[in-house]
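> Sequence:
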Amino acid sequence: MVREMNDDGRIDRFPLGVVVIAVVLFFAGLGTAFYWVLRWIGRPVAETLPLGPEIYKAFVYPDLVLSALFFVGGFGLLKRRQYGFIVALVGLGMWLSDLLLIFGLTKWERIGFVGPCLLFVIFSIGYLSKKGTVLFFTSLFYCFFITAQIGMMIIRILDCLRKRA
991 MVREMNDDGR IDRFPLGVVV IAVVLFFAGL GTAFYWVLRW IGRPVAETLP LGPEIYKAFV
1051 YPDLVLSALF FVGGFGLLKR RQYGFIVALV GLGMWLSDLL LIFGLTKWER IGFVGPCLLF
1111 VIFSIGYLSK KGTVLFFTSL FYCFFITAQI GMMIIRILDC LRKRA
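End of the sequence shown = 1155 in the numbering used here, gap-free, step of one.
To be clear, the hints were calculated from the coordinates, so they are not data collected in a lab.
Ideal placement from N, C-alpha and C gives every residue a C-beta, glycine not left out.
Incorrect hints may appear among the rest.
Stated by the list, open to error - Estimated spans, in silico, between C-beta atoms of each pair:
| hint | residue 1 | residue 2 | range |
| --- | --- | --- | --- |
| 1 | E1099 | Q1072 | 19 to 27 Å |
| 2 | L1090 | G1021 | 16 to 24 Å |
| 3 | K1047 | G1102 | 35 to 43 Å |
| 4 | W1030 | F1004 | 35 to 43 Å |
| 5 | R1071 | Y1046 | 33 to 41 Å |
| 6 | R1029 | F1103 | 12 to 20 Å |
| 7 | I1031 | V1009 | 29 to 37 Å |
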């Protein structure tokens, strides 16, 4: 357990699992953002999936939104704020849908990458819903419904941008 001072000067227990989840979210967001920024500025980066370039282009904006959710959620988790739990759960739900999409596209070819990530995401959703003030079914609502709304918003933005071009 990591210890933290309370407002009263007492030492509170800080769940180590929340710290681990926040750190993993931060580095996953950093790696994802770094990958797309390198591709955007033209640096040669190895493709992680055997997909066509059109499919890769469809992942850019959702992955950057996912990175932002990971940064905000991880920071909020470390601060032990309610928004941290909610934003982290939305990011984890988005990551879960992303992993399931990758698994659907590649089948068992990338299970060495997708499998551990799926286990981490499922564990994290359950753990955060237990540690936070958010109930498990409310967590699932945040994860899936809000993720679907973000996805639809991104699709609408991309459609507007395509119509302008």
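> So, for every hint listed, does it hold in this structure?
Verification of the supplied hints:
no., hint, in the structure
1, E1099 x Q1072: 19 to 27 Å, "violated (39 Å)"
2, L1090 x G1021: 16 to 24 Å, "holds (20 Å)"
3, K1047 x G1102: 35 to 43 Å, "violated (25 Å)"
4, W1030 x F1004: 35 to 43 Å, "holds (37 Å)"
5, R1071 x Y1046: 33 to 41 Å, "holds (35 Å)"
6, R1029 x F1103: 12 to 20 Å, "holds (18 Å)"
7, I1031 x V1009: 29 to 37 Å, "holds (33 Å)"
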